[in-house]
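Trainee: Guided by the hints, dock chain B onto chain A, whose structure is given.
So the protein lines, in turn, are chains A and B.
Residue numbering for the first sequence follows this note's numbering, beginning at 1 and increasing consecutively.
Residue numbering for the second sequence follows this note's numbering, beginning at 1 and increasing consecutively.
Please note that the accuracy of each hint is not assured.
[Unchecked claim] Derived CB-CB ranges, DEER-like:
| no. | chain 1 | residue 1 | chain 2 | residue 2 | range |
| --- | --- | --- | --- | --- | --- |
| 1 | A | Lys165 | B | Glu480 | 48 to 56 Å |
| 2 | B | Asp249 | A | Pro66 | 25 to 33 Å |
| 3 | A | Ala239 | B | His341 | 46 to 54 Å |
| 4 | B | Gly406 | A | Glu19 | 40 to 48 Å |
[Stated by the list, open to error] Output of the computed footprint for chain B on chain A, the stretches with three or more beta carbons under 8 Å from beta carbons of chain B:
| no. | stretch |
| --- | --- |
| 5 | 88 to 98 |
| 6 | 172 to 182 |
| 7 | 191 to 198 |
| 8 | 202 to 212 |
Quick caveat, the hints were computed from the structure, so don't treat them as lab data.
From a predicted model like this one, the values you see are computed outputs, not experimental measurements.
Idealized CB from N, CA, C, for every residue including glycine.
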Amino acid sequence: MAVRIITDSIADLPSGIVEELGITVVPLIINYEGRDYRDGVDLSASELYERLKTSPAMPKTSIPPPSAFLQAYEKLAAETGEILVISLSSRLSGTYEEARQCAAAFRNRVRIEVLDSRTATIAEGFVVLKAARAAKAGASLSQVIRVAQEAIPRTALLASFDTLKYLQRGGRIGAAKVLLGSLLQINPLITLRDGLVAPAGRVRSRAKAMSALLEFAQSFASIEELAVGHGACPEDAEALIERLGAVFPKERIWRSNTTPVIGAHTGPGLLLVSALGDRKEN
Amino acid sequence: MTSLGGRDFKGLLQAAVHRLELNAPQLDAWNVFPVPDGDTGANMLQSMRAAVQEAEQAGDDIAETAQALAEGALHWARGNSGIILSQFWQGLAQGLAGKKTATSCDLSRAFRRARDLAYSAVSKPTEGTILTVMHDVAAAAAQCCSRFQDLRAFLSRIVRAARASVARTPKLLAVLQGAGVVDSGAQGLLVILEGALGYLRRGSASARYRGPSLRPRDLRLLRLPPAGSSAVARYGYCTEFLLRGAELDLERIKSALNPLGDSLVIAGGRSLARVHIHAPDPAAVFAAAGALGAVEGEQVHDLDRRRQEKAGNSYTLLAGADGRGFLRLFENLGAMPVGRHDWKRALRRLARRACGSRPILLPNSAENIDLLDRLPRGQDGGLAVVATRTIPQGIAAALAFDPELGLEVNLARMERAAGQVRTIEIQRAGGNGRFLGCLDGERVAEGTGVRRVLELSLERLSAREADVATVYYRRLPQAEAAVSLLRSIYPEIRVESYSGGHPGYELVISIE
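This is chain B alone, in the form it adopts within the complex:
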């Protein structure tokens, strides 16, 4: 394809929104600049979704589609990145004005215009943000548009440039480096471009969701100073509104509002502008803006409160686990698995408070609890522990964990959940085909053959209220035997099996 029409432009935008949906939580987690309030993803998604809905209604010329996108974006933009992005679309629309379709060189010119308008929207442009990516994208487009007339090849060069640009953001902005993240708005633009490229490659707007986007390592990212400490400046209120007027002068608005706050962004044109500012006194902003035009759609958020909420509830779950399946499972549940050889070291690090967010420990074995008990006095005071003695108890606790809740409530919920699970573990006893069966960590059976020992162990269990049994296995044939045994004893229970791969246990079974 060497020219892009309105219809494909719409498909490409839909694909971008779709990809943004998949990545928004990740973008939220990485949001540290200008205010670490964890909403970049949500804001960008919402702004883009509404703008693209407007674009979908437009005619099939690329100019009309881009114009509708720009107008929609201006109207619906939210947050810093959302408004900068709306100005970017405004520039793109200006660059494509009058065109039915666009070639790579048309797009390159439009990108340049888009970049210029985006920079002009921000009162104090900062590098290492979405602006940097816009800059690098425009530069890459100018450099390669005549060489790559095929739009797929062209856009793939642009995505490559955007990716390198995003990776560079921590080098340009110290606060990103300190938090160990890339800029979330910058990443958001990359996601949009990737979505667009995906459309050109596949010709459809759908994107595949690849695993959970919130991974344990991300939970540790927000290493914020404690709430209320004097080192943290107050951010005030995020204040957003539309300004309507006959002859708006963006520069005049900028100079009138600039003294009233930070992170001022103004997008728009002569009759309508969208304003975003972080200000200690929103009323003063509205008053000043009211003198320049009609204020509409005012929105005010308390940034300090939101930031404290985010910072106060940053946890790391540390779960004792071995075996590939169990490690994956705990990661999947948002916990950080710690093998038994690392458990001691992890405890020492925690005792020295080397961990950024509040740790909650799930020992998941008697041995790990022992090690905890043996920590020198005075060093275990700050550790939050749910004393899980088996892996299924730990899984139940991790399932009950809710990062939005306070520590005490979480511990109570997790303890209760762990207490509602029964665990059977079957392990080898010597090398002569003999096995041990434990129920909730207590030895209850010993005999020859896994199936026989499991049968004996199950006899000790009353599971009247249970409705789910999960068989975590090391070897498949043993799992099959266990599943059929459980089904015959408890026909009304749902039985699942999962490869745990713990080297110490032939079978771990949870009944809940």
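Just chain A, with the same shape it has in the complex:
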């Protein structure tokens, strides 16, 4: 009975990998125009952006309902004795706490550990990927946890935004607030630090932001996985992947159109690079 991995939809894993490694994805919820949608299941990011153009309503996002975790635990408890849940940063969402609370109900039936990835989006996905591969190879729960914990500090991401208004409205802007209210027109660069959104720079144009994303990828001595995420700007993402080809084989770069919940917090125009690897020494 191999260890089974559960994660949330924010990890933004390609469906091929989810199936191949038998990962269970619990979707967060996006409430839009009075209806609840499961993140990436009932609504895609492109649909959301399309509707945002014509509707003044702002989407609200929330953690998965307890039933989602309880059902996932129930289903896997029939198949395995050990489950590892990897969540997005507990400082950005209550998903981690909820996964833990729901696990308490299974205390006597199955061993469930919940790990806070302290990151989000594809960087979280990389942590899940490492853990799921180890689990598939037959590692024990404590070994899988160690693999995931070792992966966390090796993930990094840099994101370029067109505007921070969505991040601010969603209340996740954190220390990146210093990038607001600029008198000059800037493209803010954002990262996650200690599980929270943090400022990572400001450049004067989108072209310069793309160069900064490329330089970020170049700052790694070795890259195991590389991904490009975008919010409704596939052309820019492709152009960036083309340039990233100088750093890492193009065909191995993950592409993601983000999930609606991420999109609701970033808005369109998001362009992000995430890597699993080792940074160069300064």
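Mentor: Then chain B, alone, in the frame of chain A:
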């Protein structure tokens, strides 16, 4: 409005969270007590956001809403102020128990209960903190509730009292006075109350964001002793967890844990308590707590490391600049602008190390660089300088600055950014309508009329890789002429204009 129902209470809480979001970075910057680790704002925001989300799910009686808020707060509280605040909500909920709506006098009674519970949560209550504000708020409420039955008037009296109370904190707590700040937790409570009042005034939860909350003067606030010096006590580990049990006795928990550390705060009731303590040995805390109940959701942070990180990266950017627009711009970028008449004096002060945090100088003119070069030998050793010769170079450097990074990395980034900007400056040459054009500080053109000289200067420039041009002007018509000229020469470049107002230059143009 003379009575508050659950629905409006929810709106008022949402408005409070919103306002807290806008102010959290400021609160972080002011966090010096009990440990200067710069997270009060983040902790309070996170605790409040989660608690208010719970409250939103509750029914429409004020009692139910307050109860849900208190339970949520207990569950999600983080940090010293967060836990004291959760206990405050607990008291408020007890004071409002059984009520559908609340009048000002009901609220006043609830505030009193809230204050009492908050004080009881802290093992060694310290004045000049959030507790003081809770005390003053409860006192003000008791004093004015029968006179001001209109809740807006009532709450505005309370906010006024809270503001005066926050302003008093440096007088009560020496460490605040030394750092030149008010207590961040106290300020946080004021922000919450202001948000609530804003809701009653506007009837909506939105608050307007007013400018950047991190201002240059705040960058200088954290005047901490150097990391590792023997004068600084070790703070140990911030240790937080939930304790579950059938019959918890908070006083017993307090006396069991008190010997194990500092800043002990315990909130909660008979079945669930949240504990916060700064302890040298978290394992000993968990062991002692484990004997009293089931420990859950343990979190441990190394306070000394976090404090050193914050203290090590405290910089002041000093940027040479004149003209109202440029001064504002540098302030907006987090730098402290220094006019050319003050530059010399600033250098002398820095040479005597009169500045609290590590200074980085952006001279932004050849004259200012000259003055730097003329500093007596041995006095310029400690100054970090990015030798920017023009204001646009300084702006590019300030944009590239990242307070989280080390000095060497920052200097390299800033130098590179400054090197990627081309600057054209147009200034008067005598009084007969003649002008001089400089490219990157070198004179390249002279002639009659600003537009003509700009044209000549632009001919000397190759800007193939550029995508943004910014026109900083003194007079609007000249700016318009420059913008249209740039657009016709470089149709694919984005052109912005901004009032710089430098008395020495008709136009300053950056192309990058």
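Trainee: Tell me if the beta carbons of B:Gly406 and A:Glu19 are separated by a distance inside 40 to 48 Å.
Mentor: Since B:Gly406 and A:Glu19 have Cβ atoms about 44 Å apart, the given range 40 to 48 Å holds.
Trainee: According to a criterion of three or more residues whose C-beta lies within less than 8 Å of a C-beta of chain B, is the stretch 191 to 198 of chain A covered?
Mentor: holds (count 3)
Trainee: Range first: 25 to 33 Å. Now tell me if the beta carbons of B:Asp249 and A:Pro66 are that far apart.
Mentor: Holds: the Cβ-Cβ distance is about 31 Å, inside 25 to 33 Å.
Trainee: Mind taking a look at whether chain B covers the stretch 202 to 212 of chain A? Criterion is 3 or more residues with CB to CB distance under 8 Å.
Mentor: holds (count 6)
Trainee: Mind checking, does the stretch 88 to 98 of chain A have 3 or more residues with a CB under 8 Å from chain B?
Mentor: holds (count 3)
Trainee: For the stretch 172 to 182 of chain A, does the count of residues with a C-beta closer than 8 Å to a C-beta of chain B reach 3?
Mentor: Our answer is that it holds, as 8 residues pass the Cβ test (under 8 Å) against chain B, meeting three.
Trainee: Per the hint of 48 to 56 Å, is the separation of the Cβ atoms of A:Lys165 and B:Glu480 within bounds?
Mentor: Given about 30 Å between the Cβ atoms, the range is violated.
Trainee: For the pair A:Ala239 and B:His341, does the Cβ-Cβ distance stay inside 46 to 54 Å?
Mentor: 49 Å, holds
In summary, the structure is inconsistent with hint 1 from the numbered list given earlier, while agreeing with all the others.
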